[in-house]
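J.: Since chain A is already given, all that's left is putting chain B on it; use the hints.
Protein chains: 2
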Amino acid sequence: MSAVQHTDPSTSYPVTDRNKVKRLHERGSYDRAAVHAILDAAMLCHVAYAIDGQPYCTPTLFWREDDRLYWHGSAASRMLRHLKAGTPACLTVSHLDGLVLARSGFNHSANYRAAMCFGTARIIDDAEEKAAAMRSVVDRYYPGRSAGLRPITAQEAKATAIIGMEIEQASAKVRAKGVGDDEEDFALPIWAGIVPVRTVLGDVEPCSRLVAGVEQPPELALYPSGNTLGQSLLDAQRAYEVDMA
Amino acid sequence: MSAVQHTDPSTSYPVTDRNKVKRLHERGSYDRAAVHAILDAAMLCHVAYAIDGQPYCTPTLFWREDDRLYWHGSAASRMLRHLKAGTPACLTVSHLDGLVLARSGFNHSANYRAAMCFGTARIIDDAEEKAAAMRSVVDRYYPGRSAGLRPITAQEAKATAIIGMEIEQASAKVRAKGVGDDEEDFALPIWAGIVPVRTVLGDVEPCSRLVAGVEQPPELALYPSGNTLGQSLLDAQRAYEVDMA
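In order, the protein sequence lines correspond to chains A and B. Numbers given in this note's numbering equal positions in the first sequence, counted from 1, plus 24. Numbers given in this note's numbering equal positions in the second sequence, counted from 1, plus 24.
So that you can see chain A by itself, here it is in the shape it has in the complex (with noise of 0.2 Å):
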């Protein structure tokens, strides 16, 4: 580990030649509580694996419980056939918050939020341990909710693969800020500027066969309308948190 870069553990990520930020470094950091923030205010991840040499790209749903991740798919899917031994893994989750126009090619970009973990992804053998997080999959989005759903059949938890994958190391990456230009360009006559981006919720849509009587359960006031769906995981995240301790 001569590689590895001095940080506060107790705060930060270790840094290795694996997770160390290599371009435009500035913009990066190993901070737990940045990375956490991240992957908190996210639904979807990407994961990267590797078959036979073959990289493979998979979008997924996730969900982080202190330095865990979790993932889940059915028992017959690629990825989690390769998984059971544990393999190496790398579960990304982006956000793009800005398209930014510049006065060169060079200097357009993007403002964005990203977080890349690293660590071995292994699939959940532990039962009770599966069947808490086969109830997260549902309490760290909608907290609660889990309690008041038809119970998980045997069938069911057999079909269902966890995935499981601590955080070994990470790193946080954002831009977050205005037109970059080169200073001597800025007295050029071309238009520059920012379009912000933001993932918002709309109006909820109830299941067309709702049983009469039915109301909209406490769990779904975390997703309002308008919201951004970044703000509404972050509440849930935090709610689902305080149910746990």
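Hints are computed from structural coordinates only; laboratory data are not their basis. Check the hints yourself; a few may be wrong.
For chains that are exact copies, the list does not tell them apart, and a pair is met inside one copy or across any two.
[As the list claims (entries may be wrong)] Below, simulated DSS-like cross-link-like pairs (lysine-lysine); rule was C-alpha separation at most 27 Å, straight line:
1. K182 / K154
2. K182 / K44
3. K201 / K44
4. K108 / K201
T.: Using the frame of chain A, we list chain B on its own:
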């Protein structure tokens, strides 16, 4: 290629074990137009590649020309140094369209559109192709814009690497429907429904240092406030293709 599934090569990508949709395969497709529509609605993708068995999942801006995908970055980045020789890669685009709350945990889901593309990623060495790509990285999003910008310098061209990848195989996977509860669960007195999710544009924020009298350029008309990012990017791709034809 014994595992190849028969598809019409004029409209579909070849299917082998690499891109065959394994999980919930009724949501899958190998149709070129379906894959392109998902790609063209996005600016941000995730690329998976492996270095010495360690997978990386890197978020990056990208664009498409016919069946060729391009992305770019600093010539110093980790990814690009390893792509010089050509390396197997998987480029994935995902759009989250809605949260699906069901009457059982098992049937909770999300509405989404995702495309996975497989090929060999290579640095573009040809000077002419690289120069064209450095204009396209602007013009694909903002058709016609590159002609009015401060020209690219030799130093900028040297510092930028452009990666190209021919799509050898691809798959699209889409969920776009209501709550998919088990038939007998619809009778339960449990709330179920969809929270729609949309990625939308905000009001343009002009650079605070614009030269007096500089007007918004015509290419910005593709990005009106309130539009979905996906629609703007599809419109921009179409306008770009017309310009190139």
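J.: At most 27 Å between CA atoms: does that hold for K108 and K201 within a copy, between copies, both, or neither?
T.: Neither: 42 Å inside a copy, 32 Å across copies.
J.: Are the CA atoms of K182 and K154 at most 27 Å apart within a copy, between copies, both, or neither?
T.: within (10 Å within a copy, 51 Å between copies)
J.: Using 27 Å as the alpha carbon limit, work out where K201 and K44 are close: within a copy, between copies, both or neither.
T.: Result: close within a single copy only, 22 Å intra versus 41 Å inter.
J.: Under a CA distance limit of 27 Å, which applies to K182 and K44: within one copy, between copies, both, or neither?
T.: Intra 39 Å, inter 23 Å, cutoff 27 Å: inter-copy only.
Going through the hint list in order, the structure does not satisfy hint 4, though it satisfies all others.
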